[in-house]
Every structure is written in C-alpha cells, then in structure tokens.
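For the sequence shown, the positions run 2 to 192 when my numbering is used.
Treat the hints with care, since some could be wrong.
Below, computed lysine-lysine pairings styled on DSSO-like, alpha-carbon distance capped at 30 Å [claimed, not checked]:
id, residue 1, residue 2
1, Lys85, Lys125
2, Lys47, Lys192
3, Lys105, Lys192
4, Lys51, Lys125
5, Lys184, Lys167
None of these hints come from the bench; they were simulated from the model.
Quantities reported herein were computed from a predicted structural model and do not represent experimental measurements.
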Amino acid sequence: MNIGTDEKIIKRYQTKEQAEEKIGLKFRPINFSVEKEEKDFMNSLKGNYKDLSKLKKLYTYADLVNTSIDEITVCQKGCSHCCKIPVDVSELEIKYIERNTEYKRQNIEKINTNDYCPFLNQDKGICSIYQFRPLVCRTFFTFDNPKYCENKDEKHVVITLEGNQKLSGMYNLLLLNTNNMSKKDIRYYFK
C-alpha cells in the first residue's frame with residue numbers, strides 16, 4: 002500500500018518515543034481562534050437548520066481544529082494505511098455522503114473489517130470522497146513513522162475522534178439533536 006512521497010513530511014517521521022514526547026499523547030491545544038465556527042455549530046443545534054447543514058458546520062469546525070496539528074502529523078495524500086480502521090458512521094453521515102457524491106447505500110449484511118474502506122482508490126492511495134468523508138476519518142492522525150501503520154497490531158502514536166473530548170462531545174450532541182444515535186461501520190452501507 003502507498004505511504005506518501007512528500008519529502009517535507011517524510012522528514013517529520015519519528016520514533017514512537019519522539020512522537021509521544023512531542024504531542025503528549027493528547028490532542029494538542031488549538032493555537033488559533035475557532036470560536037466563531039464552534040458558536041455557529043452550537044447555534045445550529047438550537048436554530049431551524051437542516052440536519053445536513055448542522056453536520057457540515059461540525060465538519061467545518063473539525064477541519065479548522067485539525068489545522069493545529071498539520072505541522073506535526075505525518076499523514077499525507079497518498080498514504081492510506083489508516084483506511085482499514087473501523088469507520089463508524091451515523092445515518093446522518095450516510096445521507097451526507099449520498100447527497101454529495103454519486104454513491105448510494107447498499108445495506109451489506111456481512112463485512113470484513115480488515116478490508117479497506119470502500120471509498121479508497123487503492124491504486125492512488127486517495128479517498129474518493131475526501132471532501133465529504135466522515136468525522137472519524139477527519140480526526141484520525143498518526144505522528145510516528147507510517148511503517149507502524151502497515152501492521153494493525155503494531156501500537157503507534159495516533160489521535161482519534163475519541164481523543165478529542167470536545168469534538169467527540171459536539172458530535173454526540175449533534176447525533177442526539179438529530180435523533181441519529183446509532184452508528185455502524187461504513188462498510189455495511191457502501192461497497
């Protein structure tokens with residue numbers, strides 16, 4: 002599988018110990034103001050916004066928060082080892098993908114969670130729905146050498162949605178607000 006070729010990013014590759022020291026295994030504090038986007042999202046929960054608009058506001062907020070770690074993560078276009086992680090999505094995220102892409106759900110009964118995400122273009126190592134990818138994907142980052150990603154049993158330094166309590170809490174508020182609490186792996190819906 003691809004691991005990306007951007008030399009500036011490759012220079013960031015670290016040992017696990019260096020990465021753990023650098024980020025302290027916690028989501029880094031935001032170094033810039035994202036209060037407006039957070040407020041917009043929170044107001045959307047109270048207002049008369051459509052559910053997919055609320056989700057888009059959360060994605061906008063998440064993408065801004067993620068810019069605070071861009072300089073230290075080794076994730077890059079063309080690297081796709083993480084595309085085998087579980088990707089639990091809500092009904093709201095399924096609708097968002099359907100509305101914004103040509104993909105439609107298929108309701109698959111048996112899946113292999115070791116398979117790559119159905120949206121991964123394996124030849125190029127890129128996500129075919131990157132702009133509309135679920136929150137789990139938007140918030141998964143690795144900080145040490147991607148060679149550790151090749152073996153899913155290998156422990157390495159990552160940040161996930163669950164690692165950001167604030168963002169995870171905002172996501173759960175959205176799911177409560179829109180009656181979308183149940184989640185299943187994306188592979189149950191798309192091939």
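Outcome of the hint check:
1. Lys85 - Lys125: Distance ~15 Å between Lys85 and Lys125 Cα, so the pair holds.
2. Lys47 - Lys192: Given that 30 Å is the threshold and the Cα spacing comes to 35 Å, the pair is violated.
3. Lys105 - Lys192: Given that 30 Å is the threshold and the Cα spacing comes to 9 Å, the pair holds.
4. Lys51 - Lys125: With a Cα-Cα distance of about 35 Å, the restraint between Lys51 and Lys125 is violated, given a limit of 30 Å.
5. Lys184 - Lys167: holds (19 Å)
In this structure, the earlier hints numbered 2, 4 are contradicted, and the remaining ones agree with it.
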